[in-house]
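Asker: Fit chain D to the given chain U structure using the hints.
Here is how the chains run, residue by residue.
Protein chains: 2
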Amino acid sequence: MEIITSNQNSKVKLWTSLQTQKGRKQSGTYLLDGWHLVQEALNFAAPIQAVIGTEDNRKHLPEVPQGVPAFQVTDEVARHISKTNNPQGIFAQTSLPNNSFDPQYVHSGRWLLLDRIQDPGNVGTLVRTADAAGFSGVVLSNGSADPFNPKTVRSMQGSQFHIKVIKDAELGPWISALKENDYDIYGTSLEKDSVDYKTVYPEKNFALVLGNEGQGLDPDILKETTENLHINFLGKAESLNVAVAGGILMFALN
Amino acid sequence: MEIITSNQNSKVKLWTSLQTQKGRKQSGTYLLDGWHLVQEALNFAAPIQAVIGTEDNRKHLPEVPQGVPAFQVTDEVARHISKTNNPQGIFAQTSLPNNSFDPQYVHSGRWLLLDRIQDPGNVGTLVRTADAAGFSGVVLSNGSADPFNPKTVRSMQGSQFHIKVIKDAELGPWISALKENDYDIYGTSLEKDSVDYKTVYPEKNFALVLGNEGQGLDPDILKETTENLHINFLGKAESLNVAVAGGILMFALN
Numbered sequence: 001m002e003i004i005t006s007n008q009n010s011k012v013k014l015w016t017s018l019q020t021q022k023g024r025k026q027s028g029t030y031l032l033d034g035w036h037l038v039q040e041a042l043n044f045a046a047p048i049q050a051v052i053g054t055e056d057n058r059k060h061l062p063e064v065p066q067g068v069p070a071f072q073v074t075d076e077v078a079r080h081i082s083k084t085n086n087p088q089g090i091f092a093q094t095s096l097p098n099n100s101f102d103p104q105y106v107h108s109g110r111w112l113l114l115d116r117i118q119d120p121g122n123v124g125t126l127v128r129t130a131d132a133a134g135f136s137g138v139v140l141s142n143g144s145a146d147p148f149n150p151k152t153v154r155s156m157q158g159s160q161f162h163i164k165v166i167k168d169a170e171l172g173p174w175i176s177a178l179k180e181n182d183y184d185i186y187g188t189s190l191e192k193d194s195v196d197y198k199t200v201y202p203e204k205n206f207a208l209v210l211g212n213e214g215q216g217l218d219p220d221i222l223k224e225t226t227e228n229l230h231i232n233f234l235g236k237a238e239s240l241n242v243a244v245a246g247g248i249l250m251f252a253l254n
Numbered sequence: 255m256e257i258i259t260s261n262q263n264s265k266v267k268l269w270t271s272l273q274t275q276k277g278r279k280q281s282g283t284y285l286l287d288g289w290h291l292v293q294e295a296l297n298f299a300a301p302i303q304a305v306i307g308t309e310d311n312r313k314h315l316p317e318v319p320q321g322v323p324a325f326q327v328t329d330e331v332a333r334h335i336s337k338t339n340n341p342q343g344i345f346a347q348t349s350l351p352n353n354s355f356d357p358q359y360v361h362s363g364r365w366l367l368l369d370r371i372q373d374p375g376n377v378g379t380l381v382r383t384a385d386a387a388g389f390s391g392v393v394l395s396n397g398s399a400d401p402f403n404p405k406t407v408r409s410m411q412g413s414q415f416h417i418k419v420i421k422d423a424e425l426g427p428w429i430s431a432l433k434e435n436d437y438d439i440y441g442t443s444l445e446k447d448s449v450d451y452k453t454v455y456p457e458k459n460f461a462l463v464l465g466n467e468g469q470g471l472d473p474d475i476l477k478e479t480t481e482n483l484h485i486n487f488l489g490k491a492e493s494l495n496v497a498v499a500g501g502i503l504m505f506a507l508n
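So the sequence lines, in the order shown, correspond to chains U and D. Each residue of the first sequence is one higher than the last, beginning at 1 in this note's numbering. Each residue of the second sequence is one higher than the last, beginning at 255 in this note's numbering.
In isolation and in its complexed conformation, chain U is listed as follows (with noise of 0.2 Å):
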């Protein structure tokens, strides 16, 4: 096994740059930070370029598959490659997924559609919130905050080995799409035309639409929805945050 003691390294420097959007489009890859993220990688067979590991960790690394680059690294060489402030010593490359639309995608299930979300960690809370309501998938629009940067990677939790997460999506085909096959639309909305989301029980397959922090849901969206939900407050609060909004309609609607 190759073992790399500096940060000059054209590998260290190369895993370096999946920081940056720029980094990982070049490369077609981003970076798995941390064992539980690793051990998802390779539970769900995702397609690894590279296990990154310390001595420490090395040690107790689970099967690699064969074929797949494993590579030694010292902890300054970890600290440089990592977002985090201490990291666990065990990283790996993987390919970002495919992020075209498929007409098959439609079909069945619950769609997560998001509009201009624009926290990282919001985005990545959504993703893993979607996957545990049985969700198939998590459409971001152009203007999300991009699910593979290291901190949505980090709140995500592997749930995009679980599910689809779809960026750079123009959300008004797909609602199109949608309705083709007979989906329900929700959207969200604070006006009054919308309905409380309590008294709402979905009976076919359905798609919710999430939008930016601070301006809410395109116009031109909640239009092409079969219809707009609100979430009744009892204090205060003039609002909630977007992920946990997002978790208490999934969770309802379910």
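To be clear, the hints were calculated from the coordinates, so they are not data collected in a lab. Since the model is a prediction, treat every value here as computed from it, not as a measurement. Since no wrong hints were added, every one of them can be taken at face value.
Quick list of simulated restraints, FRET-style, between CB atoms: (1) D:P357 / U:S95: 54 to 64 Å; (2) D:P351 / U:P219: 36 to 46 Å; (3) U:E2 / D:H314: 53 to 63 Å.
With a Cα cut of at most 30 Å, we get these calculated DSS-like pairs of lysine-lysine: (4) U:K179 / U:K223; (5) U:K59 / D:K490; (6) U:K223 / U:K164; (7) U:K179 / U:K164; (8) U:K83 / D:K490; (9) D:K337 / U:K83; (10) D:K490 / U:K198; (11) U:K204 / D:K490; (12) U:K236 / D:K433; (13) D:K337 / D:K313; (14) U:K167 / U:K223; (15) U:K151 / D:K337; (16) D:K276 / U:K83; (17) U:K236 / D:K452; (18) U:K167 / D:K490; (19) D:K490 / U:K151; (20) D:K265 / D:K313; (21) D:K477 / D:K490; (22) U:K198 / D:K446; (23) U:K13 / U:K83; (24) U:K25 / D:K490; (25) D:K267 / D:K337; (26) D:K452 / U:K204; (27) U:K151 / U:K22; (28) U:K167 / D:K405; (29) D:K446 / D:K490; (30) D:K313 / U:K236; (31) D:K265 / D:K418; (32) U:K192 / U:K179; (33) U:K198 / D:K458; (34) D:K276 / D:K421; (35) U:K83 / D:K405; (36) U:K164 / D:K490.
Ideal placement from N, C-alpha and C gives every residue a C-beta, glycine not left out.
Answerer: Frame of chain U, contents of chain D only:
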């Protein structure tokens, strides 16, 4: 109005010290950063020691109560005081609320109890969600994130002015006092003897207890609850973010 141009000014040093727990404890105050929070503090008549604004912001300042010192600072000083990358340039120094237990609290309303929730964003989001769900207050155990650190304050979005936020609490005596007042106490657990939250319809006042992100609820607390709840997952995710789980439970139990 006093105009402050140097980061070495003693007041600037005081305001900057509020980024740390030590500084907040010594002064008995914390900092509100941004228009929304300052406005909420004024609307809810919070005790304010100082309002601080850059020249641009000072012009648009709402009416500051008589006797509250107001200060004008440079953009550079504003960036020094703030923990955000792009501060709005408007701040208020306000008193930490009283943290002691008061027997009158536990006679009415719903309470959220947090057992060692460590992420400041989670604590802040849970306080904001408890507010939206009409809870009376949030009680944080020893070992929870400080609700008055800058990141938590940002996530709370002013909800600390709407409901009680009590920190450094011993949850055991709180639970005893609540039970003496005929409260139901709902814990959260993944164990088999826990019940699906969707089957629970509270008929009287209740408290919900949420546990540490990694370890869950303290076993000693689980023994003291009336009932322990779990959320059924339909997908492959192993857990939910604690703030999302809290939101689902608070809104479902209402």
